[in-house]
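> So you can see what is in the structure, the chains are spelled out below.
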Amino acid sequence: MKRFNVLFHKEWVEAWREKKLVWLPAVILLVTLLQPISLYFMPTILENSNSLPPGAVIELPIPSGAEVLAGTLSQLHTIGTAIIVLACMNVIVQERNNGSLMQLFSRPVNTATYIFSKWTMLVMLHLGAFTISYGAAWYYTNILFSDVSLSSVWKSFVIYCLWIVLVITVTLFVSTFLRRSGGVAGISILILASIALLSTVIPDIAIYLPSNLLNLATELLSTGKGTMPIAAVLVTTIAFIALLLFTMVKQFEKSVKF
Amino acid sequence: MTILEAQGLTKRYGKHVAVKNLSLQLKENECIALLGPNGAGKTTTLHMLAGLITPTAGLIMSDNKVLNKDKIGFLPQYPTFFDWMYPKEYLILAGTLSGMTKRTIKERSLRVLEMTGLLGAQKQKIGAFSGGMKQRLGLAQAIMHEPKILLLDEPVSALDPAGRIDVMDILEDLKKDMAILFSTHVLHDAEQICDKALIMKSGQSISYEDMKEWKGNRLRERYRLETLESLQIEELLELYEEIDIKESRKIIGTLRHNVTPNMLLQKCIQQDIGVRYFGAEEKTLEEHYIEVMEG
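Line by line, the protein sequences are chains A and B. Using full-length UniProt numbering, read the first sequence as starting at 1 and increasing by one per residue. Using full-length UniProt numbering, read the second sequence as starting at 1 and increasing by one per residue.
Mixed in with the good hints there might be a few duds.
Ranges of calculated distance between the beta carbons of each label pair, as one might list FRET restraints [as the list claims (entries may be wrong)]:
hint, chain 1, residue 1, chain 2, residue 2, range
1, B, 64, A, 8, 36 to 42 Å
2, A, 12, B, 169, 35 to 41 Å
3, B, 63, A, 197, 55 to 61 Å
4, A, 251, B, 15, 19 to 25 Å
5, B, 8, A, 229, 56 to 62 Å
Derived from the structure by calculation, the hints contain no laboratory data. C-beta: ideal position from N, C-alpha, C; glycine also.
Required output: the full structure, derived from the provided sequences and hints.
This is the structure:
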């Protein structure tokens with residue numbers, strides 16, 4: 001436990017000194033807030049764009065608060081996922097390539113301790129950033145559009161957190177196989193995109209899989225209760241994350257680490 | 001007591017054999033130099049002993065037990081740290097990972113910084129360190145937890161001459177407390193502080209000898225003669241039984257059985273040869289190394 005703590009602490013100090021602790025939440029907040037705010041100002045933006053012929057009448061239906069928040073999540077699902085992958089792609093690869101990993105492992109350190117210290121820190125950092133951003137988005141949605149109930153926001157939040165954990169886990173998983181951060185980012189996004197694509201390829205089965213996380217979260221926002229099999233999705237997602245963690249520890253132990 | 005013993009160590013990468021059937025014994029307070037050309041398998045050997053890579057075959061033991069990483073201090077060839085850290089922070093990380101308590105870490109980190117001459121650099125981030133300072137910090141982290149065995153991969157090749165002497169002085173000092181095995185290309189250093197030398201060539205040990213032994217054996221026999229003009233006198237050469245080195249103005253070799261050094265000198269005086277240097281010559285490790293490499 002002492003070893004985990006000191007590595008975990010190291011991750012936070014590193015994130016602070018390299019200012020990841022600042023830019024990551026800021027970027028995610030920006031991406032999240034862009035949706036409600038740009039939707040609100042859309043009519044004004046269009047009016048001022050000068051590209052419309054004079055006399056054109058714009059009538060946009062005002063979306064409900066739930067719709068706006070759902071739009072926020074979809075926005076995060078594309079851009080946000082890419083940001084998270086980019087933020088995580090280097091954490092193992094860099095230490096492995098420059099040799100500092102080898103120096104650490106000349107001491108009695110467990111592979112699992114090392115990987116979990118990184119995973120836990122990344123999960124906490126990203127979920128923290130998401131909590132702030134989603135909270136802010138909810139706040140602005142309530143002010144600018146209509147109220148969304150806390151209970152539905154809370155449920156969608158928990159469901160979507162799982163997707164974020166999955167993104168981090170997949171990226172770390174690929175990092176234990178590849179030595180180039182570009183490759184890690186590419187393959188991770190490929191895997192995540194394939195997971196998302198499953199809902200169009202095999203919709204009947206994908207309804208029970210992590211592919212359904214976003215749909216589930218947005219549905220919970222608009223209706224408050226899902227018609228979809230929430231429990232099944234939770235189980236498959238958590239099982240998948242656990243499997244990835246287990247495999248990556250084993251793989252990292254076995255492979256030539258340096 | 002044999003603190004580190006390797007038997008039949010072999011490492012294969014696919015078809016390439018990096019280390020082949022290597023055995024060595026490191027006793028308490030002993031110092032062994034690992035010599036050999038680049039690519040001979042020195043680093044691979046050290047990595048196996050440090051437990052960083054698993055050997056394809058062979059045994060590594062300490063005192064007839066499985067070797068514990070706690071006992072080992074390791075300095076890689078290119079020590080790498082986290083550039084954003086302060087030296088003390090790295091030592092705390094290293095100490096904690098090696099299972100030291102908070103209090104001992106505090107005392108020990110100051111002690112090792114002092115030993116390696118880094119006390120003055122405490123306020124600098126490691127990213128701002130020069131190559132030599134990183135090498136020193138590498139040594140500091142290797143001895144942080146007072147290991148019984150110190151494994152160093154070319155500890156001096158990145159250092160300037162003054163730094164090299166410093167590190168050698170530190171090692172000389174550390175010999176009292178721990179067994180040291182280090183690879184190097186600086187044969188002179190190895191000769192100064194090591195008890196034994198293991199010479200490797202393409203993955204195999206080709207010579208494993210006690211340095212004091214062969215040094216002592218040869219001490220009285222060999223003489224070195226350096227002159228002002230070129231040496232081309234056959235008569236002089238005849239006094240030598242065996243000539244190891246012959247350059248235009250220098251001869252090193254063993255004298256014939258009934259020839260005394262004075263006779264050699266006398267001959268020079270008779271022939272009016274200006275003598276620059278004359279004296280008994282120990283066999284250097286460098287010569288031995290070249291002999292073994294060619295043989």
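> Run every hint past the structure and note whether it holds.
Results for each hint:
The supplied range of 36 to 42 Å is met by residue 64 (chain B) and residue 8 (chain A), whose beta-carbon atoms lie about 37 Å from each other. Distance hint check for residue 12 (chain A) and residue 169 (chain B): the Cβ-Cβ separation is about 39 Å, which falls inside the suggested range of 35 to 41 Å. Range check, residue 63 (chain B) to residue 197 (chain A): Cβ separation about 58 Å, and the 55 to 61 Å hint holds. Roughly 24 Å separates the CB atoms of residue 251 (chain A) and residue 15 (chain B), a value that falls within the hinted 19 to 25 Å.
For the pair residue 8 (chain B) and residue 229 (chain A), the beta carbons lie near 58 Å from each other, so the given range of 56 to 62 Å is met.
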